[in-house]
Every structure is written in structure tokens, then in C-alpha cells.
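Chemist: On the provided structure of chain L, position chains H and B as indicated by the hints.
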Amino acid sequence: MPVFQELIHDVQGQAINVCSMFLLLSSFAIVAQRSLASCVSLYAMQSFFLGFTAMVVANASGVHHLYFAAALNFLIKAWLIPRILHRAVDRLNVKREVEPLVNIPSSLLICGGLMILALYFSQPIKQIGPLLTNDSLALGLAIVFIGCFIMISRRKLVTQIVGFLTVENGLFLLATAITYGMPLIVELGVFFDILVAALIFGVLLHRIQDTVESARPAESRFEEVGEVAP
Amino acid sequence: MTILFLSILFSYLGGIFLPLCFPNREFIQNTMAHGLASVACLLGLVLGYEGLTDPEPWHIALSSNIPLLELSLRLDRLAAFFLVMISLVGLATSVYALGYVTEYYGKVSMGTLGSLYNGFLLSMTLVVLADNAFFFLILWELMSVTSYFLVVTEHEKNEVRYAGLFYLVMTHIGTAFIILTFLVLFQNAESFSFEAFRQSGHTVPERLGTVVFLAALIGFGTKAGIVPLHVWLPYAHPTAPSHVSALMSGVMVKTAIYGLIRVYFDFLDGEFPWWWGVVVLVVGTVSALLGVMYALMQHDLKKLLAYSSVENIGIILMGIGAGMIFSAYGFPELAALGIIAGLYHTLNHAVFKSLLFLGAGSLLYATHTRNMEEYGGLLKRMPWTGLFFLIGAVAISALPPTNGFVSEWLIFQNLFLAYQIPDILLDILLPIAAAMLALSGGLALACFAKAFGISFLALPRGSHAKHAQETPIPMRIGLGGLAVMCLVLGMGPIFVIPVLDQVSAEFVGVSVAERILTMDGWALTTANFASVSMPALAIMLLALSGVGLLFAHLLGGKLQSRSYKTWGCGLNVTSRMEYTATGFAQPIKRMFSTVYQPTIKLESEMLEESRYFAKRKHFDSYITPFFQQYLYEPVVNIFLRMSDRLRNMTVAHELNLYLGYVFAALLVVLLLVR
Amino acid sequence: MFGNICLIFLQMVVILGVSPFVVGLIRKVKAWLQCRKGPSVFQPYADLRKIFCKEAVIPSTTSWIFTITPYILFGSTLAAGLLVPAFFADMPLGFAGNIIALVYLLALGTFFLILAGLDAGSAFGGMGSSREALVASVTEPAMILSIFAIGLTAGSTNLNTIVHRTALFQGVTTDPAPHLLALGALFIVALAETGRVPVDNPATHLELTMIHEAMILDYSGRYLALVEWAASMKLLVFLSLLVNIFAPWGIAVEATAGAMTLGLVAYLVKVSALAVVIGILECTVAKLRLFRLSELLGAAFILALLAVIFFYMFRG
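Chains as they are written, first to last, in our numbering: chain L, 1 to 230; chain H, 1 to 674; chain B, 1 to 316.
Excised from the complex, chain L in its bound form (with noise of 0.2 Å):
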């Protein structure tokens, strides 16, 4: 039935690009958005959306352990990751990215830019090999340089943690794009990072709230404590 596995074929390519799609939107979404709490969770549904871009891939390549890596993915990312940030951020008294350095309409512009040259840069490489998830290779550098900018753009610390937690999805996605995923026991041990560096900024923020607690250092690298003080 060729005509039926065509189809079964065109089904997955789409279901690829409406999950990228959503991917980079919420990439987007970080970008634009001031509420530091819903910054963490639409991190926590781009994760979402490349676990099941992963598992997707993993249906359409047979390359089985990448659905470990989308269930972890689904485990740490969308859900353990997230919970602990939330937490963080429950327990700061800044709720809010006040007064970002870059303006959110010019963020945005920028962020498309980026985008256009990810989308050049990435043309080269394209040509190489005709894998499923060519177009996840642009996404994917999209993803790093937006998670990137998000880190020089942003002030609060939550918010450059997110950009960082962006950036390792973007990489997460170019490994997917260019090689299936890594070796299993590498992705492990990215994952496990990850999951070690979430907790330390979790307790970081605390920490940083509990010593801190009438000082108003004006300079202080994280602005935070400043603004916590009563």
C-alpha cells in the first residue's frame, strides 16, 4: 500500500511542522511575555512540544531510544523543571519583568531576525543530507539564539534561567535534527545537568532571598534582592 505509507509519511512531516511550529511560538512567547510565572510555564509547554516532536521523530526514523528521551523529556523538562521554578518564583516577591532592556515590540523584531538568519545559516547544512526533520535544523538554531537574546535582553533572574533552559532545548532539537539524538547515555547525562542546574538556581533564589533580606544592594548582580525588600 505505498499510496497509504505516502500518506502515513505526510501525516508525520505535517505533525512535525505543526510541532516545531508551536515550538518556536512559544519561544516567541517567552519573548513577549512580562509575567515571569507564565514564562516558566510556557517553557514548560515548549518542552512539552519537543517531546512530542522527539517522539514523533522517533515513530518516523525507528531510532527507538529517542522515546526515552521524549518520555525524560516529558518527566524533567515539562514537568520537574517547571514545578521547581514555580516554586522559586512563588516564593520571590518579583512577579514581573518591570522593565526589560530591549523593549518587548523590538524584541520581537529582533527575535524574527535572528530567526531569518538562523534560516541562512542553516540553508548550507540543509543540502547535506535529506533526513525528515531537515527544517527542525533552522528551528532549532532559532531556539539557541532566541534563548540567548532572552538572556541578554532580560534583567530578572528568572528569566535568563528560562533562556537558558531555552537554549538547551534549542540544542536538544538540533541534536534530534542532525544525528537522531545523541547517544543515550550522553542525552542522560544532559538531562541529569539540567535537572542539577534547575535545583541549584532554586535554591540560588532562595538563598539569595533569605540572606539578603534589608539590604538594597543597587548594584548588585541580581537585581532581585533589591527589589524584594520591603
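The hints are simulated quantities; they were obtained by calculation from the structure and are not laboratory data.
Honestly, I wouldn't trust all of these hints.
Heads up, simulated BS3-like pairs for lysine-lysine below, C-alpha to C-alpha not over 27 Å straight-line [as the list claims (entries may be wrong)]:
1. H/601 <-> H/617
2. H/589 <-> H/617
3. H/558 <-> B/54
4. B/287 <-> L/95
5. H/565 <-> B/50
Modeler: Just chains H and B now, kept in the frame of chain L:
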């Protein structure tokens, strides 16, 4: 044709010299200068028509004693198109000037003004006809110099002299680059004649070609007023008498477009790398956006119009840039479409911009001020001027059914058709350019809603506006003619497109008129991708507005209305409650504050008894003139410092040193020529 | 020829007749969500009829611009309405203008409305005009780019062709992503252009927030009726664009009576559904500050840009 040309030449020459023969007879001088100019422009229209219809270009040459200079003229389709444009606008401004210059009686020498005006028109006419680079440069300079003298007509004012000087310096920088362009081409062709340029254009090596491209873009771009070379334009264009402003903004900047097309498509034969087109497109996009953004912030009506010229030049360059990109990628039909769109907008802009400038002149004539904040309520006092200005404002905002819409629509379609280019970066870049064109169109709508609404509607804000009267008949004829042209060019792409198609076919080699015009010419179509029919739209608008009237009568019966004062929360509405031009543009200023970098100063002086009552408040708000502050001033400062140092070196107190300099110079010269 | 004239006439009747209903439906949905009973869905018809019969008070400061604007606004909006295929995919006037012409026709009405707002001379009108000028100009880029994205996926910017091809599943099935993104962008643009909630609140008369209402504050009598009618037609035009570009299912492709009837019913159902969505949205979303508008429209622009990018990416 030669006879026709000679009669044009002699009419202009008569216009130049005869007014000077009747000193102090201002009426005669005025009639003579502008009457002869009108005659010359009429003849110019005929000659242009002949040039557009004749299959073979008309050519005439006189040799001269000066080496390399040949007084040769050539009327091909491109030149004929520009000749028609110059003559059309020139006709309107000449008729208008008959009434307008009465304002200057007793203040300015009418003979000088008239003869300079004719000289200006003549030099523009000859610039597009010239067929020799040397001759072209002489005429180009003549055009610059006569326009400079016209700019400084009211030279007793300080800011006029400043504007004139600024213009003179900038235009000479531009001329230097044009000379560079021609020198490179000369080196390749070993002759200054355009014919030789044309023959040898494709042999220009690529690196030199790039030099030609950039030099021509900077040189002609200075005249055209592309960002960031536009800085002189909002000073020089408004300070000239209004009929000259109309010519400068409507026509003179177009000679630069002529030069660009001549060099890129005629001399270089349309063979260039794709990035040239991208550069032109980007420059055009930036000019279009920034031009209209700065225009919005002006409340000097003529300055607003000058900035809007920057915008429209940008739009024209977008069409031409897209054409260049398509030409480089081997899509001659799309390239032709781009050039046609660009040229259409060139013509349209010439018509509506001169209309608006003349309208601004009428307001100046009636109220003696250029400040929009003192206008208001003029539609009741100057109904005809108001109507014509409104048509111009609708046209420049690119709204159907006027001409601005047609050309912008064509440019949109041209940019959309980029999806055929096999380069993904350009595929995305061109639609973004289209989006920016849409933004500049939207801002232009806001800008001209402001220009018309603040000037002509509601209550007068100043005493001059209160006592304004309708202008003399010649002025209204000039305005009316152009307003009619706006509508005709809007409804009649069926007549315009074939003409433009023949112009572009000269370079691109493909005729696309039959493919653009479908349904016996009633509709415009681009490659099955889009269609629009201007006459149908106009009829629909009229008929459906009629349906509105019908409903009003069917449902509401006979009109019962009464006139009563505007509701102002219980107060009588006075002109101080009206929105001002500054207030109207304020939200836009705030939203695009990244571009404008506005500065606001509020100084208040309180009463001594209480700090709640202010004795005096001073509010100042201005936007940063970005390019002048960050681009021009540093360069000027460097030059000033260098010249200071040079002066210190040369102004030595000893004769021996001077002699030393002279001797050193001599040695260097001998070394060089050895 | 006669058939075409009938079609045009039918389309006109549909646009004129359905538009007040849509406004009434949105009001009704909002009332329900606010636990009110709300006026009947057909209240706007009665309102129009009433205002048409009232005496018109014309401010003494105004010129002929003020009185001519309602007719131009009405005419241009109705003209735009005739360009959109509503229940039949091959409108005879399709050649007269593509979607860009439609946008500029609506802009013509906006231009005159801005002038009319300034004409009365009160600060309210000026405020409304100034804000409308801002909104109208900054929505343009997102609108044009989303139009282009639609044009790419459908292979044309002619509305007839777009609707025809989408209705017959030509070209759209291969790549839903760009189509969805363009839908998102155009939806935001439609909300901004028609003055719905996150941008403007049609139910308010508070000078700090109103845009459209401020411009038409000095209108009364038949002029007001025409302006109100035109505003509801504009809403309907955008709704028809959205439903028929992205979901033209059920639209008549052949000129038979049965297909037409089906098309008409489908059209009414789709437009009503979208109106309900807008009503729900207006109850759940707060109005944005005027200067936050750039964020919303920036998002719309990015959506449209992504639609274009995705199209080229998936095209390969």
C-alpha cells in the same frame, strides 16, 4: 522635431532674457516669464509625445571647440517620458506662478526671479535630453545653480541663506560622485558620449562596475534625497518660492531617478550582481520609512511635504530595486514590472507632490505663514484650494481611486512575486520590504490626514487664517489641472501602462503591457496573482455611496437637520480646544520613540506666594535630528579641525616658509610629471 | 450578465442585512457571559431604523467634509464587502480588486473618518482621530505580511481564487502551519481594525479609552446611522475574510440554487460562530493600554513573518 525643439529652446531663452529687458515693470515681467514658460512647457509636452510614439530616437549634435565636449541631444523613450513629466508639472506651476508671484511684487526683482525660473526649467529639460557626459554635467550644474539662486530668493532671512548654503554644499558633493561615475565609464569607453558608454557598458570589469554603482547611487542619491543624504532637502525645498518648491520636489529630484536608470539599465545594460538591487531596495525602504516618519513630526507644512518627498523617492527606488533584483536573477518580465511600477510612481509623485506644494503655496499666500498650528477652518474660506489639496492628500496616501494607489499596488505585487526567486533570504526580504511599504503607506495616511485636517478643518487657530481669502484664478487653475491629473492617472492605467512599458522595453527587452492589462485594459493583472480594476473601483465607490444616500432617504425620509455648536462638555468650543498638529502626531511619536528620540523640556516658574500657581510655563519638545547629529556633525568637525591645523601651518609669519612651500610644491609637480 | 447583476445584488443584501445581526450577536453573547439577559439579537436593526429617522444636528464649525464622510465611508465599506466572496466562491466583481485593494478601500473610509473627527473641532474628535491614525498605520505591516502569507499558500491574492482553492483543498493540505500562523496574525489585525476589545472598546464612552466612538461623537441622525452601519459592515467584512479564507467549507462553488442556499446557511453559521468567539474574547480579555498596542501588533507581525518563513522552509 528639430523645429519643435528649437521653439522650446527659444521660448525658454525668451523667458530668460525678455523679463530682464523691462526693469521695474513687474506685471509685464511676470506675464512674459511665466507665459513663455507655459508655452515652452506646452511645446515640451508635444515633443515628449512625439518622442514616446516615434519608433526611432531623435538625435541632434553640434560639435564644439572644447575638447571632449559635444553638444548632443537625444530623445529616446526614457528621456521623452521624463520630458513629458517635466513639461506637465512645469505647465501647471507656470500658470500658477502668474498669480502667485504677485506676492513678491516690490520685494524681489521680478525679472531675476522670472529668468531664473525659466533657466531652471530649461536646464532640467536639457538634462534629460543630454547625450554627452560632459554636456550632462554642465547642465546638471546649471540646474543646481539656478535652483540654488531660486532657493535664496528671500536671501535677507538668515535661515534662507543657511538652507541655500547647505543645499549648495550637498549638491556639489553629489556632483563630485556623478563625475566619478562618468570618469570610470569614460576610462572604459574612451569617450564622453553616452553612445560610447552604451556600447561598452557590458565590458566594464566587475570591480569598476561596483565603483560606478556606488558612486552613481551616492551622486544621484544626494539629489534625490535618499536617507542619509536627504538632510539638505527639508531645508532647501521649503525655503524656495512655492512654485519653485513644487518643481524641485516634484521634478528636480526625479532627474536623479532618471540618472540612476540611465546608468544602471542603459549604460551597464542591466547586467549586475543581485546585491546591487538589494542595496537599492534597502536604501529605498529605509528612505520611505524614515521620510514619512519625520514628515509626521513637522508642523511646517512645506517641510512636511519635503520630508514626504524623501518617502516617495524611497518608494520609487523600491520598485526600481526590485526590478534590478529580478533582472539580475533573469526574470525580465518581473524586472519590467518593477521598472514600470517605479516609473509610474515617479510620474504620480511628480503630479501630486507639486499639487500639494502649490496648495501649500496658496495657504502661504493667503495666511502668510507656513506653520500649520496657525491654520484651521480654511476649507470654508478657500473651498477650491481645499478641494484640490484634499485630492492631492488622498492621492499621496495611496487611496483608491487616485493615482498613488495604482503605483503602490504595482510595487506591492512586484515585491510579492519574489517567491519565484530561488534564494530563500530574498524570498523573505522582499515581503518584509512590502510590509515596510505598507507601514509607510499607513503613516503617510496619518501624515496627510493631519496635514489636511489641521489646516483646512474646524476653527481657525490664528488671525491670518480667520481672514484668509480664496486665491487668484491662475493659481486655482494650476492646482485644478494637477488635481484632475491625479484622478486621470488613477483611472487610466490603460493609457499609462503601455507608454511605460515601451520605456522599460528599451532596456529590458520584454514588453509586458498586454500581460498586465487584461479585460481589454479595464483591469491590471500580475501573473494570475492579483488583479485590480481602477475604473470598476471608482464606479463602485460612487454607486455604493449613492446606495447610502438612497437608504438615508428611504429610511429617514426628507433630511431634517439643524446646525448647532459642537458639544464641548458644556463650554463653547473655541480654537484652543482643537487638537493641534503636534498633539495629533503625539501617539505616533511615542510609539516610535526609538526612532525619534524625543526630548521634552518643561520649565515652570511659580508664583512666590504659592507653589501651586505657575507664573510662566515653557514647554519645549523636539526630536533628535539623528543623521545630522551623529553622521554629519562629526564629519564636519573633523574637517574643521583639520582646516584649523592647516591654517596654523600655512599662516606662518615668515616669508621664507612660504617660499619653501612653493618650492616644495614645484618639486613635487616635477616629480609627478617626469 | 443578468445573473451576475443578481449575484452582486444578493451579495449586497447579505452584507447589508447580516452586519447588524453580527453586532447584536456579539452583544448578546457578552450579556449572557455577564449574567444579563441583554437586548435582542435584532436590536441593532431597530436602532438603525430609529436613528435614520431622527433629526441630524450638524456642528456649526464643520464643513462639507463632515456631511460627505458618512456616504464615502458607507460606500467604500460596502465596496469592500462586495469584493469578499461570502456564500459564492466566484464573485463577479472579483476582478475589480484583490485583497490589497480591499485593504485600501477600507483605508479610504478610515481616512475620511479621521478628517470628520477633526472637523467638529472638539478635543474628543481630535483625540479619536489621532488614535485611529496610529492604529490604522501600525496594523498595516502585519496585515500586508499575513495577506502575503495567505497569497503564498493559495498561490494568489485574488479573493475568489484563494477561496476557491481552499474550498477545493488545493494547496492548503500540504502545509497547515503557515496557514494557521497567518490566521492568527489576521485575526489580531481584524480585531485592531474593527476596534474590538484588546484595542478599542465599542461599548465605552470614556474619553480616556475610546477611539472609534470619539471620532463619531458629533454625528447624529442619518449620518450616525450610516457610520454605525458602515462600522458593522466592516466587522462583517473581516469576519467573512477570516472564515472564507481559512474555512470556506460549504461555500457554493457552482452557481446552482441548491449550492447557493447551502452556501448561505454555511456562511451564516460560520460567521455567527466567529462572532461568538469574539464575544467570549471581549469578556475575558482586558483592553490594552494604547501604547501596549505595539506589543500586540508586533506579535501579529511576527506571526505573519513566521508564516512566510515556514512556507518557504516547508516548501524545501
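Chemist: Are the hints correct? Go through all of them and say.
Modeler: Evaluation of the provided hints:
The suggested pairing of residue 601 of chain H with residue 617 of chain H holds, with an alpha-carbon distance near 10 Å, which does not exceed 27 Å. For the suggested pair residue 589 of chain H and residue 617 of chain H, the alpha carbons sit about 22 Å apart, so the restraint of at most 27 Å is met. Among the hinted pairs, residue 558 of chain H with residue 54 of chain B is consistent with the structure: their alpha-carbon atoms are about 11 Å apart, no more than 27 Å. The suggested pairing of residue 287 of chain B with residue 95 of chain L holds, with an alpha-carbon distance near 21 Å, which does not exceed 27 Å.
Proposed proximity of residue 565 of chain H and residue 50 of chain B is supported: the alpha carbons are some 23 Å apart, at most 27 Å.
Checked against the numbered hints above, the structure violates none of them.
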